[in-house]
Amino acid sequence: MQSSHVYTLWFCFSVVNLLLKTILKAFKNRIISGLFLIPVSLVLSIFLGWHIHLMLQNKTTIEYCEGVRAMPLAEGCHLYTNPYDIGAHENVTSILGPNYLCWVSPTSGNVSSGLRFSTKYHKANEN
Numbered sequence: 001m002q003s004s005h006v007y008t009l010w011f012c013f014s015v016v017n018l019l020l021k022t023i024l025k026a027f028k029n030r031i032i033s034g035l036f037l038i039p040v041s042l043v044l045s046i047f048l049g050w051h052i053h054l055m056l057q058n059k060t061t062i063e064y065c066e067g068v069r070a071m072p073l074a075e076g077c078h079l080y081t082n083p084y085d086i087g088a089h090e091n092v093t094s095i096l097g098p099n100y101l102c103w104v105s106p107t108s109g110n111v112s113s114g115l116r117f118s119t120k121y122h123k124a125n126e127n
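Under my numbering, think of the first position of the sequence shown as 1, with each following residue one higher.
Errors might be hidden in some of the hints.
Said to hold, decoys possible - Pair by pair, the computed Cβ-Cβ distance ranges are:
#1 Val104 - Phe47: 17 to 23 Å
#2 Asn99 - Ser14: 18 to 24 Å
#3 Tyr100 - Thr60: 30 to 36 Å
#4 Ala88 - Ile62: 16 to 22 Å
None of these hints come from the bench; they were simulated from the model. A virtual CB, placed ideally from N, CA and C, is assigned to each residue, including glycine.
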């Protein structure tokens, strides 16, 4: 669940960085290449932003889609909240690890086994 966000974010950052460098070179040398790369960069930037949004809420794409699909059924009711959303900072730390320097190059060794995850109910019982 969480490692897919990490690698997707890392891939998007790398591709956007590469595309921006290529756009600068393309505008110097070839306008047509730059015109092709602008929409690609825009789409990848949106994709990157979307996955950062999901990471801050500690959701997968499937969990988001299920929540949107269930919205009309729970009209007017606020019964369901994501139990894994433990706050933006805690969400990012649980995905990328506690060491801020390792966020640049996330590896699976930063987090737990991936079988048990903190929930807001566990956090409430700790306090």
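Going down the list of hints, with the structure as the test:
1. The given range of 17 to 23 Å is respected by Val104 and Phe47, whose C-beta atoms sit roughly 19 Å from each other.
2. Judged by the Cβ atoms, the range 18 to 24 Å given for Asn99 and Ser14 holds: they are separated by roughly 20 Å.
3. Taking 30 to 36 Å as the suggested C-beta distance range, the pair Tyr100 and Thr60 does not conform, at roughly 24 Å.
4. For the pair Ala88 and Ile62, the beta carbons lie near 21 Å from each other, so the given range of 16 to 22 Å is met.
In summary, the one numbered hint that this structure violates is 3.
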